[in-house]
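**Student:** Chains as they are written, first to last, in my numbering: chain X, 1 to 261; chain A, 262 to 475; chain P, 476 to 689.
Bear in mind the hints are in silico, worked out from the structure with no lab data behind them. Treat each hint with caution, since some may be false.
Only pairs whose alpha carbons sit at most 20 Å apart, straight line, appear in this in silico SDA-like list of lysine to any residue [what the hints assert, rightly or not]:
{"#": "1", "chain 1": "X", "residue 1": "K41", "chain 2": "X", "residue 2": "A106"}
{"#": "2", "chain 1": "A", "residue 1": "K439", "chain 2": "P", "residue 2": "P625"}
{"#": "3", "chain 1": "X", "residue 1": "K85", "chain 2": "X", "residue 2": "R46"}
{"#": "4", "chain 1": "A", "residue 1": "K439", "chain 2": "X", "residue 2": "R165"}
{"#": "5", "chain 1": "A", "residue 1": "K303", "chain 2": "A", "residue 2": "G335"}
{"#": "6", "chain 1": "P", "residue 1": "K653", "chain 2": "X", "residue 2": "E113"}
{"#": "7", "chain 1": "X", "residue 1": "K41", "chain 2": "X", "residue 2": "T58"}
{"#": "8", "chain 1": "P", "residue 1": "K517", "chain 2": "A", "residue 2": "D425"}
{"#": "9", "chain 1": "A", "residue 1": "K303", "chain 2": "X", "residue 2": "G139"}
{"#": "10", "chain 1": "P", "residue 1": "K653", "chain 2": "X", "residue 2": "G127"}
{"#": "11", "chain 1": "A", "residue 1": "K439", "chain 2": "A", "residue 2": "Q373"}
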Amino acid sequence: MEAGAEQGDIAARLEDEALIVDVDGYEGPLDLLLTLSRRQKVDLRRISVLQLAEQYLTFVEAARALRIELAADYLVMAAWLAFLKSRLLLPPDPTEEGPSAEDLAAHLAFQLERLEAMREAAGRLMGRDRLGRDFFARGAPETQAIEKRTQHTATLLELIQAYARLRTKDEFRPYAFDRTDIYPLETALERLRGMIGEAVQWSDLAGFLPPGWRAAGTRRRSALASTFAASLELAKQGRLDIQQTETFAPIRLRHRQGEVR
Amino acid sequence: MNDETDKGPGLFPVPPMGEQERMIEAVLFASAEPVTSAELAKRLPEGCDVAEALVHLRNRYAGRGVHLVRVGDGWAMRTAADLGWLMRTEQVETRRLSRAAIETLAIIAYHQPVTRAEIEEIRGVTLSRGTIDQLMELDWIRFGRRRMTPGRPLTFVVTDGFLDHFGLETPRDLPGLKELREAGLLDSRGMPGAQSLPGEDEDEDPGQTELFED
Amino acid sequence: MNDETDKGPGLFPVPPMGEQERMIEAVLFASAEPVTSAELAKRLPEGCDVAEALVHLRNRYAGRGVHLVRVGDGWAMRTAADLGWLMRTEQVETRRLSRAAIETLAIIAYHQPVTRAEIEEIRGVTLSRGTIDQLMELDWIRFGRRRMTPGRPLTFVVTDGFLDHFGLETPRDLPGLKELREAGLLDSRGMPGAQSLPGEDEDEDPGQTELFED
Numbered sequence: 001m002e003a004g005a006e007q008g009d010i011a012a013r014l015e016d017e018a019l020i021v022d023v024d025g026y027e028g029p030l031d032l033l034l035t036l037s038r039r040q041k042v043d044l045r046r047i048s049v050l051q052l053a054e055q056y057l058t059f060v061e062a063a064r065a066l067r068i069e070l071a072a073d074y075l076v077m078a079a080w081l082a083f084l085k086s087r088l089l090l091p092p093d094p095t096e097e098g099p100s101a102e103d104l105a106a107h108l109a110f111q112l113e114r115l116e117a118m119r120e121a122a123g124r125l126m127g128r129d130r131l132g133r134d135f136f137a138r139g140a141p142e143t144q145a146i147e148k149r150t151q152h153t154a155t156l157l158e159l160i161q162a163y164a165r166l167r168t169k170d171e172f173r174p175y176a177f178d179r180t181d182i183y184p185l186e187t188a189l190e191r192l193r194g195m196i197g198e199a200v201q202w203s204d205l206a207g208f209l210p211p212g213w214r215a216a217g218t219r220r221r222s223a224l225a226s227t228f229a230a231s232l233e234l235a236k237q238g239r240l241d242i243q244q245t246e247t248f249a250p251i252r253l254r255h256r257q258g259e260v261r
Numbered sequence: 262m263n264d265e266t267d268k269g270p271g272l273f274p275v276p277p278m279g280e281q282e283r284m285i286e287a288v289l290f291a292s293a294e295p296v297t298s299a300e301l302a303k304r305l306p307e308g309c310d311v312a313e314a315l316v317h318l319r320n321r322y323a324g325r326g327v328h329l330v331r332v333g334d335g336w337a338m339r340t341a342a343d344l345g346w347l348m349r350t351e352q353v354e355t356r357r358l359s360r361a362a363i364e365t366l367a368i369i370a371y372h373q374p375v376t377r378a379e380i381e382e383i384r385g386v387t388l389s390r391g392t393i394d395q396l397m398e399l400d401w402i403r404f405g406r407r408r409m410t411p412g413r414p415l416t417f418v419v420t421d422g423f424l425d426h427f428g429l430e431t432p433r434d435l436p437g438l439k440e441l442r443e444a445g446l447l448d449s450r451g452m453p454g455a456q457s458l459p460g461e462d463e464d465e466d467p468g469q470t471e472l473f474e475d
Numbered sequence: 476m477n478d479e480t481d482k483g484p485g486l487f488p489v490p491p492m493g494e495q496e497r498m499i500e501a502v503l504f505a506s507a508e509p510v511t512s513a514e515l516a517k518r519l520p521e522g523c524d525v526a527e528a529l530v531h532l533r534n535r536y537a538g539r540g541v542h543l544v545r546v547g548d549g550w551a552m553r554t555a556a557d558l559g560w561l562m563r564t565e566q567v568e569t570r571r572l573s574r575a576a577i578e579t580l581a582i583i584a585y586h587q588p589v590t591r592a593e594i595e596e597i598r599g600v601t602l603s604r605g606t607i608d609q610l611m612e613l614d615w616i617r618f619g620r621r622r623m624t625p626g627r628p629l630t631f632v633v634t635d636g637f638l639d640h641f642g643l644e645t646p647r648d649l650p651g652l653k654e655l656r657e658a659g660l661l662d663s664r665g666m667p668g669a670q671s672l673p674g675e676d677e678d679e680d681p682g683q684t685e686l687f688e689d
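Let the hints inform the model, and build the full structure from the sequences given.
**Tutor:** Set out below in C-alpha cells:
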C-alpha cells in the first residue's frame, strides 16, 4: 500500500473519530449523512450515494470499534445503506420487483438535498428583519376608555391544555395503580419478597400470583409479567434462584439456600 | 447594530434633516412613553437638530389622522381627537377565561353532546351556574338534544361561534390526546392499558378522534 | 362594536378619500396588532373604499420612518427596519430557539400544511417534545385541517403572527420559495416503493400546494 494512501486512511479515520465523539451533536442519521456528503465536495445533485453509503458504514464500524453505542435509528440507516450498497454493486436482477437501486439512491440524494434546502431556508428566515428586533409595533396603542366592555377570551392552546390537564390528572400521580387490570412491579416485588422464604422447594412462578389475578386474561398476564420481573430483581439480589427446564416450560423459583434473611 | 462608538463626533456626517425626521418618527412611534427632546438627542447620531426635526415632523402630521403632540416635557404620536369615535371598538377589554370555564368548555368540545353530570364527573367538582351562563353568553356552547336516559338530561354542544373563535373547521380538528402527547403539549406519558376515567365514553378505547366519528 | 346609527346609508355622505385615509391611519396607529380590511371596513362609515385608501396611505408612508405593511389579511404600521438600531430600548430579548425548532418552523412554513410525519421524514429524526409546543406558544404555528388520508393526521400551518414577526405579507413571500418549488424540493415524495403505513400519509395531499397557488 502506498504511504500516501495509508496516510489518507489515517486522516479519514481520525475524521471519523471526530464525528463519533460528536455524535450527540447530530440530529439523526440524515444529518450525519449530510455532513459526510460534504466530504465529497460536490453538488448534492452529483453526490455518489455508493461512496456515501461506504463512508457511513465506515463510521458505524469505527463507532463499534470504539464501543460507542449508537442510537437505533443510526443502525437502521446502516442496515439500509448496506442493503443499498449491495444492490448498487450487483448487476440488476430483472426478476426482482420493487424500486431499482438507482431509484432508492436518487431518493436518498433527494432527501439530503431537501434537508439542506430547509436548513438554508431556516437560516434565511431567521436572518430576516424581525418584529421587536429590527422593526417595531406601536409602543403605546391607544385605547380611550369611553365604554368599557369585558370580553372573555381563550386560545385554542389553552383549551386543549385544559383538556389534557383533566384527562391526565390521574397520570400525574406517581404510580398510583388504581387501574384495575394492572399489577404493578412494586406490589409484585413486595409480595414475592414476603413469600420467597417459604419456597424451599422449586415452585411454579404462577403459584406466587395474588388471588384474584390467576384467571386467564389481561389481569393474569399483567400479574405474571410483574411477578416475573420481580423474581429477576430478587435473583439479582441473590435472594432466589430461577429455573426453566426448556423453552416455554414453567418458570420455577426457589429461595436461595444459605441466604441470611 | 450600531453602538456608542458610531456617533463619535466627526466620524460620521450628520444625517440630512429628512433622515433625522424619519428617525424621530420611528422612535416616537415605537416608544411606550412620551420621549423628551433630551432623550431624542441622546438616541440620534451626534450633531442632529432635534428641535428642528420635531418642527418638520409636526408640520408633516398636521391635519393627518395622527398628530405629533407635546405631553408634559415629552413628545408623542397621538391619534387626532376628532377621530376618537373610530377607536371605540378598541375599548373591549379582554380577560382570560377562568379555569373552570375553560375546562368545562374543553370537556364539551371533546365529549359533546355531554350532560352536566358528565362534566361534573370528569372535573370532579360541581358545575356552577355562572360557568354555563358565561359560555352561553359567549355563544360558544348551546343546548344539544336531551339524552335518552332516565331523567332525560339536557346535553351541551359547541356552537359555530366556538369553531370560528378557535379557528377550527369542525370539532374533529381538535387534537386528540395521543396527538397532544406527540406534539409535546402533554407532559405525562400514557400508562399502558390505562383505562378511561369513569363516566367517560363507553367505548373500550378512548381514542379521541373516535369521539367525533359519525 | 360600531353603532349602526353611525353609518346609516345615505344619511351621511361618504367622506372624501383624504378623510378615509386619515381614518385608517388613525385606526392602524392606535392598534399594535394588524387590523384586517374587513375590520377596517366595519369601522369606517358606509361606502368607504378601504382598499383604495390603503393604497394612498401606503404611498404616503413610503420611505418614512414608519411604514404601512400587510400581514396576511391584516394591515399594520411598523417602523422601518433600517432604523432598528435606534430602538435599542424597545428591543425584546427573544428566547434563543433550538436548531430543531428553527428547522421545524422553516419546514412548516415552506411545506404547509404539513403533518408531523412529514416533518420527521424531512428532518430524518423524531420531532422532540417541546418543539411544537414552543412554536405554538410563540404563536408562530397552529393546527391546520386534518389531512384526509388514513389516520387523518393533524397538520400544522404558520400564523399571521409568524408573518408579522418575520415581516412577510403572505406565506408566498417566503424567501426562495419559488426556487425551492421549481427545484422540486417542496414536493412530498415518499421512498420509492414504500408502503404507506396506516396513520401515515401519502403524497396525495389536497391542499399541499393550494395554499401557495394564486
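**Student:** Next step is simple, just say for each hint if it's right about the structure.
**Tutor:** Each hint, compared with the structure:
1. X:K41 x X:A106: Roughly 18 Å between the alpha carbons, so the hint for X:K41 and X:A106 holds.
2. A:K439 x P:P625: holds, 16 Å
3. X:K85 x X:R46: holds, 17 Å
4. A:K439 x X:R165: holds, 13 Å
5. A:K303 x A:G335: OK: A:K303 and A:G335 at ~14 Å, within 20 Å.
6. P:K653 x X:E113: holds, 16 Å
7. X:K41 x X:T58: holds, 18 Å
8. P:K517 x A:D425: holds, 18 Å
9. A:K303 x X:G139: The given pair, whose Cα atoms are some 19 Å apart, holds under the 20 Å limit.
10. P:K653 x X:G127: Given pair P:K653, X:G127 holds - Cα atoms ~18 Å apart, limit 20 Å.
11. A:K439 x A:Q373: holds, 19 Å
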